[in-house]
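Student: Below, each chain spelled out in residue letters.
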Amino acid sequence: MTYLSRIRINPLRAASRKLLANPRAMHGAVAGGITGTPDSERVLWRLDTDNPHRPHLYILTRSKPDWTHIVEQAGWPGAEGEHAAIRDYTPLLAQIATGREFAFRLTANPVQNTATPDKATPTQAARLEAARLEGRQTRGLRIGHRTANAQLHWLLQRTERWGFTIPPSRVDPPAPGLAPTNETADADPPREVRITARQRHSFAKGGNGRVVLHTATFEGHLRITDPDAFTERLLNGIGPAKSYGCGLLTLAPLTNRST
Amino acid sequence: MTSTPPHPTHTRPAERHDPLPDGADHGGEEAVLLLRLAGPLQSWGDRSVFNRRETRPEPTKSGVLGLLAAAEGRAREDRLDDLTQLRLGIRVDQPGTLLRDYHTVSDYRGRPLLQAGVSAKGRQKPTSPAKNTHITIRYYLQDAVFVAALAGPAPLLRTLDTAVRHPAYPLALGRRSCPPTQPVSLGLRDTSDLRQALEAEPWQAARHVRNEQGRRNSYPTHVDLSATIEDPDGDDVRHDVPQSFHPRSRSYTSRRVRHLWIPTPTGFTTPTNNDQPRQPSAGHDPFALLGW
Chain A
1 MTYLSRIRIN
11 PLRAASRKLL
21 ANPRAMHGAV
31 AGGITGTPDS
41 ERVLWRLDTD
51 NPHRPHLYIL
61 TRSKPDWTHI
71 VEQAGWPGAE
81 GEHAAIRDYT
91 PLLAQIATGR
101 EFAFRLTANP
111 VQNTATPDKA
121 TPTQAARLEA
131 ARLEGRQTRG
141 LRIGHRTANA
151 QLHWLLQRTE
161 RWGFTIPPSR
171 VDPPAPGLAP
181 TNETADADPP
191 REVRITARQR
201 HSFAKGGNGR
211 VVLHTATFEG
221 HLRITDPDAF
231 TERLLNGIGP
241 AKSYGCGLLT
251 LAPLTNRST
Chain B
1 MTSTPPHPTH
11 TRPAERHDPL
21 PDGADHGGEE
31 AVLLLRLAGP
41 LQSWGDRSVF
51 NRRETRPEPT
61 KSGVLGLLAA
71 AEGRAREDRL
81 DDLTQLRLGI
91 RVDQPGTLLR
101 DYHTVSDYRG
111 RPLLQAGVSA
121 KGRQKPTSPA
131 KNTHITIRYY
141 LQDAVFVAAL
151 AGPAPLLRTL
161 DTAVRHPAYP
171 LALGRRSCPP
181 TQPVSLGLRD
191 TSDLRQALEA
201 EPWQAARHVR
211 NEQGRRNSYP
221 THVDLSATIE
231 DPDGDDVRHD
241 VPQSFHPRSR
251 SYTSRRVRHL
261 WIPTPTGFTT
271 PTNNDQPRQP
281 SAGHDPFALL
291 GW
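If you read the sequences in order, they're chains A and B. FYI, UniProt numbering numbers position 32 of the first sequence as 32, with every residue one higher than the one before it. FYI, UniProt numbering numbers position 57 of the second sequence as 57, with every residue one higher than the one before it.
Next comes chain B alone, as it looks inside the complex (with noise of 0.2 Å):
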């Protein structure tokens, strides 16, 4: 055996359950489904529990294939294990702002809140000292915009886009409270590469901030904007594959990733001499105006 660190997604068993007609072994064929992915909120939790529900900066990849999953209908019981398999890329096109949400739960008929252990017959104990209201924090991302790009077998991605064009159950971004603005599916690349396909994917952020970057850029023909792409080689870790979304049995596993800028293609076609891409810096030379 070699020391290499298991990796969740790689290692899984070969007997797995494949519900596709054609299998795994499809010949290859393999593409890239580009998800837009906006709304005035998002939520994005991976590890957040009880009263404190965190967003990461980024869609996980449980949040993205929850909804893919909803698109087409499945119930929370189904399997996922033909969902896990696709690679996914995450391009951050507005980055958006966090908001944080007060919340206050109690009961409209003013009794004591429960709390979590049970009684003798399994019922919830009401809390003691009475405690008659919750206090949550919810935190969102408003006015952000991502790309997100799902690497895998050319039918299911095919499938995928048509159920995300007519979902199955109402799609949200994380949270059920976060619906997400149309379009959503870009549609299908003929690339198996994500970074390729992040690459070639214009600029979705909304107008008015292009406009405003592009205005204090001198409307660059490319910006760079921040990516994770899933990599088996990749430096750091996300806990956020899941393995079912059992609502008994919910269980994650994590994956590698790799963070990088992509240039993505503006839009902006004013000629200016920022054309070329940023040289980074050469340091002092006095001696460049010596005639050296």
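Only chain A is shown next, with the shape it has when bound in the complex (with noise of 0.2 Å):
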């Protein structure tokens, strides 16, 4: 079985104001509903903050979970209505069919993984160098795209490998004069996403060191080309960083549009 909860969270709490300024202690905060051992489960979260003074966290577990620690610490444990809606998501993995068009979010880290940085700080060029003179191979260093455009051109190279495509979207016809020409005219049409916010984390972990996280959230339609690929990375996210809010892909029915 598989659940997605919603919890509210009051942004007004001082628990609530660590867990959303610092994914590190939200992770923690999350970890703590589900029964199992740390490593039980893929555990999935996001925090949408589409109203930033009542945002949502978003929670995708294997096993029923309890948040009850989250309600009383940093939501409003005594208002009425649905603190923590708890939901099975079987509906949503039986409409998984090739063909099927849905809307989507998803905040993620783009990454690309490189043994030859550019510019490697000092840390990573000791880290380097210290393979080096050891001869041994080592593990390419995940260097985070910063820039949209490098952050959106992530997901749209990955899309078919997770099983979904996300189709050209319609652009009204330019302007006379205004039409690309051959050497302008870029090969890949305009695509149904778009790049909703991005976000740079730092966060301190154990003792030594900080985490630096770059996040961006995408929103747009896919159309999905593999149901068992797509239901793989619907359950186990996308991309780095899932401890820390990212890969959750959540779908959505398509809203009549113009189109």
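The set of hints was computed from the structure by calculation and includes no laboratory data. From a predicted model like this one, the values you see are computed outputs, not experimental measurements. Glycine included, each C-beta is placed from N, C-alpha and C at the ideal position. Keep in mind that a hint or two might mislead.
[Stated by the list, open to error] Partner residues are not named here, just some residues of chain A that face chain B (Cβ under 8 Å, in silico):
(1) P77
(2) A85
(3) Y89
(4) Q95
(5) R105
Using the supplied hints, reconstruct the complex from the two chains, each of which is provided in its own coordinate frame.
Tutor: What follows is the structure, given as structure tokens:
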């Protein structure tokens, strides 16, 4: 079984300020709602701040979770309404089929892996140098994409592998004289996706060093091409930094558009 | 005294001159006169002076009232009080594009141009050092279409309607070199509400513009057109109410306006699935697919 939860967060409370500011603290709070051991299952979560005064936390878990502690510390425990909605995810998984179209939202951490960075930090340079001296293979450095263009490109390059495509967007014809010439025409047509938020997180981890994350929130349309691969990504997440609120792909019905 | 900001068109002295025979107290009979302001070129300046003559993206009240005064055959020295009391609403049916006209001025005899200062005899002095050419920049709107609605006493508007159809002086869209296309007057409407009158009026854009827009948006029955309506509680101020067009004492006051979108019938009757007004995006709700 899989469950999707939505928790209302009251941003005025001291505990929620810590959770909202620090993905590591939020990871701890989310992990605290799972009964199993930390490694027993892949938990995905995402913080949606469409309305920054009423943020919502979405969490996808395999086992049935309990969010009493988050509601008590960071919610409105005495208020009416549903503090934490927990729903079975099976109805959605049953709808996954080739050709189906959905609206999606994804907060991801687009990165590239390279062993030959253009400009390594002193720590990275020392690590690469040590590996070179010892003559061993080192893992490539994970370098975050920091421009919107690179982040979008990161997503579009990988969608086929994840079992979906993003259809081309409907574009009005350009004004006379402004049509792209052969030299300037982009080989890739514009796609039905946009970046709605980008953020740089930097927070302490352990005693030494900090984690730096560049996240981007993508919203758009998708069309499923490979149901198995798609379900796999839906349940196990997309891209790195899944503990820190990245990689949860959520689907919603397509709204009526004028296309 | 209350602390409300003074509103020029509403704080006019009660003993104002009113040339209408029936006066201002005519039993509240109000109407709206609709004008179609369209032409190859329009230019609606409100504050431009000297060599740079700009245009507003929409007709100004002074421009529209000037057109009406010209249609009635008023002299520049004549009073305008009855016209300035009319409330003006402008709907942008076709915004048009901006044209920048590079213009030079020189004396055909090759003499230097005159400066602003005058000699002891009261004559303008030549520029020194000699300046033979002025460069002036004039802005125009090309290919724009507006619907102007004037609300006020019905008898006055009836006179103006007749005058616009049989103008005493040639009509112009903000500048003498910008003649309007016909028809200018769309007639009177039996309402005193500017917004209501503008909402009922069909889209006046050129047919090729309407067809192009319709093709792109699958022929909607309504389009949203931007509009500016005179409103004492409006949030914006326009400094374009003429007090007098007298050549030696031109002066303007301001009025309050409100900006809004007016759903306008397009005239397309093709059945589409786009008839309902556009809903604001409801955001992303992952629970919508979970049977809830």
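Student: Hint by hint, where does the structure go against what was stated? Just the numbers, ascending.
Tutor: 1
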